[in-house]
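J.: Sequence:
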Amino acid sequence: MLPVKMSRSTRLHGEDQMTLNEFIEDAFNTELEYLMDALGDITPEELMWRAGPEANPIGWILWHMTRVEDMWFQFFIQRQPEIWEKDGWNEKFGLPTRDNGFDHTQEQVANFPAYDLSEMLEYGKAVRAATLSYLKTVTPEQMDMVPREARPDMSVGRIFRQVVGEIYQHQGHIAYLKGLALTR
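The sequence shown runs 1218 to 1401 under this note's numbering.
Please note: incorrect hints may appear among the correct ones.
[Unchecked claim] Below, simulated SDA-like cross-link-like pairs (lysine to any residue); rule was C-alpha separation at most 25 Å, straight line:
{"id": "1", "residue 1": "1342", "residue 2": "1266"}
{"id": "2", "residue 1": "1342", "residue 2": "1390"}
{"id": "3", "residue 1": "1342", "residue 2": "1400"}
Source of the hints: derived by calculation from the structure; they are not laboratory data. Just so you know, these numbers come straight off a predicted model, no measurement behind them.
Let the sequences and hints guide you as you build the complete structure.
T.: Below, the structure is given as structure tokens:
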């Protein structure tokens, strides 16, 4: 496999070849730029608007994608308390400690409470900082490590791939839904 090359202006650390960890870090940073562009000047109404009775609102999607990142890297891999609980975000938002949106029913999505976007973005900032801090410690050999015997299919590297894919997917959902909300 050939190493990924970047122009000098986009290099993360000024070296000639990008490492896997740098690639992952760049993917996370680029996704955040796209997400912030998509959110733009979103209104509280647009944040919680649903395109249909079975559609998830932007606010729910943003909460879910942040909670999932927190769960995978803090709890699942590192076996640490999630930032959601550790820093009291669950109490600030009045939402369950272990909930992250997996298997939510349409009724749960419909009853999901409105929240202050700036607070959710602060929670997201804390989660992303912790994710990137952890990433800096991961060696190439550790990418193959399986943190939980009950999930032998989920190595550290596969979790990074899963989360990067999921956050880009959800960021695309958010951009699309915002466009729909603006045209109604």
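J.: Hints first: check each against the structure and report whether it holds.
T.: Status of the hints after comparison with the structure:
1. A distance of roughly 24 Å separates the Cα atoms of residue 1342 and residue 1266; the hinted pair therefore holds under the 25 Å criterion.
2. For a cut-off of 25 Å, the pair hint linking residue 1342 to residue 1390 stands: about 20 Å separates their Cα positions.
3. Under the criterion of a C-alpha separation no larger than 25 Å, the hint pairing residue 1342 with residue 1400 is inconsistent with the structure, at around 30 Å.
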